[in-house]
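Q: Full structure from sequences and hints, please.
Spelled out from the first residue to the last, the chains are:
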Amino acid sequence: MSSLSLVGVSHHVAPVELRERVALDLDAAAALAREVGDAVCLSTCNRTELYVADEDDGRAAAALNRLAGDSLDGVAYRLHDDAAAVHLFRVAAGLDSLVPGEAEILGQVREAFEAVEPGPLLDRVFRQALAVGKRVRAETAIGESPASVSSAAAALAAQVFGDLTGRRVLLVGAGRIGALAAGNLASRGAEIAFVANRSSQAAQRVAQRFGATAVGLDELETALGTVDVVVAATGAPGTVVTAADVPERRRRPLFLIDIAVPRDLDPAIASLGGCFLYDIDDLEAVVAETIAGRRAEAVRAEQLVAEEAERFRTWRASLDVVPAIASLRAYAEQIRAGELAKLGGRVSERERRTLESVTQQILNKLLHVPTVRLKEAAAGADGASYADAVRHLFGLEDS
Amino acid sequence: MVEALFWPALLGYGEAAFAYASVRTSRAATWGVRLGWLAQTALLAAQAARAGGFPWTSWSGSLDLFVWLVVAAYLVWGCRPRFRLLGLAVMPPAAALFVVARLDGGFSAAAHARYSSVFLVVHVGFVLAAFAGFTLAAGLASLYLWEEGRLKRRAPDILRLRLPPLAALERLTRQTIAVSLPLLTLGLAAGIVRLREDGLSLDALEALTLATWGVYGAILLTRPSGRRGAYLALGGFALVVVARLVLSAGHFA
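Same order as they appear, the protein sequences are chains B and W.
For the first sequence, the residue numbers in numbering that gives the first Met the number 0 are 0 to 398.
For the second sequence, the residue numbers in numbering that gives the first Met the number 0 are 0 to 252.
Since no wrong hints were added, every one of them can be taken at face value.
Restraint-style ranges between C-beta atoms, simulated for each label pair: (1) Val-99(W) with Gly-182(B): 51 to 61 Å; (2) Val-98(B) with Arg-149(W): 23 to 33 Å; (3) Val-98(W) with Thr-225(B): 52 to 62 Å; (4) Trp-145(W) with Thr-212(B): 34 to 44 Å; (5) Lys-133(B) with Pro-92(W): 32 to 42 Å; (6) Phe-17(W) with Asp-387(B): 51 to 61 Å; (7) Thr-225(B) with Thr-221(W): 20 to 30 Å; (8) Phe-118(W) with Arg-299(B): 53 to 63 Å; (9) Ala-61(B) with Arg-149(W): 50 to 60 Å; (10) Val-22(W) with Gly-272(B): 23 to 33 Å; (11) Trp-145(W) with Pro-261(B): 28 to 38 Å.
No lab work stands behind these hints: they were computed from the structure.
A virtual CB, placed ideally from N, CA and C, is assigned to each residue, including glycine.
A: In structure tokens:
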């Protein structure tokens with residue numbers, strides 16, 4: 000039977016200093032896989048793993064040691080056969096990720112697989128892993144909730160407005176955190192309309208990045224009247240926007256995100272009609288809740304992985320008996336064809352066709368039960384001995 | 000024999016009324032709604048065939064038809080995973096009213112003799128269809144108020160609940176009213192024309208239905224947004240409840 004081996008390091012066992020030494024881009028990972036043999040190399044910021052269709056994982060381990068510039072014994076994990084397959088299924092499902100259910104890993108598994116031309120075993124296990132990843136995302140809600148403060152802010156804005164396309168955003172502050180939150184909103188289609196900051200130079204720089212207009216803090220009130228979302232993240236020691244600065248909302252709600260500490264937005268804004276105000280604590284509470292939800296969904300996802308692992312195990316076990324079944328069928332077909340050939344011209348063409356059909360049906364019926372029983376035995380522990388028995392009984396050893 | 004279709008319909012609606020309580024069973028709930036509605040459709044068709052016309056003019060008969068229309072309207076707008084809580088708002092009362100209609104005797108062919116089927120379809124059918132639409136709009140408005148309150152209070156589980164966005168709820172409420180109001184206009188007009196022909200004056204039900212028309216007309220005209228729009232939709236629905244459950248008894252007596 001073909002063996003599957005895995006050697007790898009991940010965020011569970013290796014610090015970033017080590018992971019960055021073994022991290023490879025897609026081309027380098029594919030080259031390493033080819034160098035090792037029939038292999039696939041999955042390398043992301045959280046893991047570098049070599050999956051090899053070989054019982055001996057020595058070459059894969061040596062390759063990783065060489066990348067690390069040191070021995071990875073005691074750090075790298077080495078898994079074989081079903082355990083290696085289950086690990087890959089969990090990785091593809093996002094269950095082994097830092098944030099359970101993160102979606103990016105499935106694409107990375109696909110890219111690693113498609114970058115090489117693996118043999119039948121790796122082809123099967125990676126295809127099944129991709130199917131597991133898709134199934135987990137389709138049948139559980141593990142990947143549906145945001146896992147960071149900035150993505151939670153964008154998801155909450157979408158909960159108010161629906162599609163964010165064309166929604167106008169005012170970014171107060173020109174720092175990295177605010178720009179990250181604004182970037183998340185922009186990635187959902189929102190338009191970053193204004194960047195307000197004490198320093199006009201910094202405001203200009205960030206505004207240019209988003210194609211927005213830079214404004215001074217004294218122009219905030221005017222800008223507030225024309226936007227749907229406000230992201231505040233300045234380093235100011237006190238309130239930057241008071242409730243009195245917010246124009247009355249008649250038809251359009253206003254969603255305000257305050258990720259600054261101390262807070263930039265007056266908490267009294269929350270009580271204004273049509274205004275929704277979330278500060279950093281609120282956002283972190285939402286993230287904590289959604290991550291808890293992801294963990295609950297992860298339990299269901301693990302069940303799906305277990306089901307798929309069982310399917311893989313059955314498939315792998317069936318490889319024990321497939322050659323015996325193929326030989327048995329070839330042997331029977333050889334006898335059938337030989338006996339029909341002996342008839343020569345003694346039968347008409349019509350009678351020959353009838354005989355072909357009848358003998359084929361007899362053969363299929365006779366071989367159906369042994370074939371099924373052999374596959375069932377393969378799913379247990381007796382596959383190899385049953386296959387040997389069939390070869391012995393029908394004299395297939397010499398064929 | 001065809002009356003036995005009541006049971007699969009009730010089973011479907013009843014299952015949905017409970018299954019919408021959990022995200023996991025909401026798909027089964029939606030199938031309950033679909034199958035229950037198909038069973039009730041077959042039941043109503045059989046009743047119409049047996050009566051040879053429009054047999055739902057009695058209080059309980061029209062309630063039966065009303066339930067069917069409410070569930071039909073729900074199937075158009077609400078049968079999606081994100082609208083699970085709308086199902087939880089709509090299906091329990093629908094199932095309860097379906098039972099009430101049954102206990103009160105269901106359909107009756109008696110009133111059919113006095114009025115033509117065409118008049119009854121236009122008047123009763125359209126008014127009930129409009130009321131069903133307003134019921135669904137009220138469900139959407141309730142969901143809006145509940146979700147808006149949770150967003151305002153910054154409830155941490157707001158994203159886990161997988162609710163429709165507020166903007167979608169507001170838009171659907173308005174669209175449902177926009178579809179329902181012309182039906183109410185047609186149904187009311189048919190009734191008023193008939194009253195004039197018979198030389199009768201407006202009764203309390205007709206007066207209240209006119210007031211309902213006014214409220215929903217004002218909503219479409221002024222397009223109130225946010226909580227104000229949701230409260231107005233619920234105000235209009237309060238009039239529908241009084242009209243449908245209190246005043247409609249004896250309207251065709």
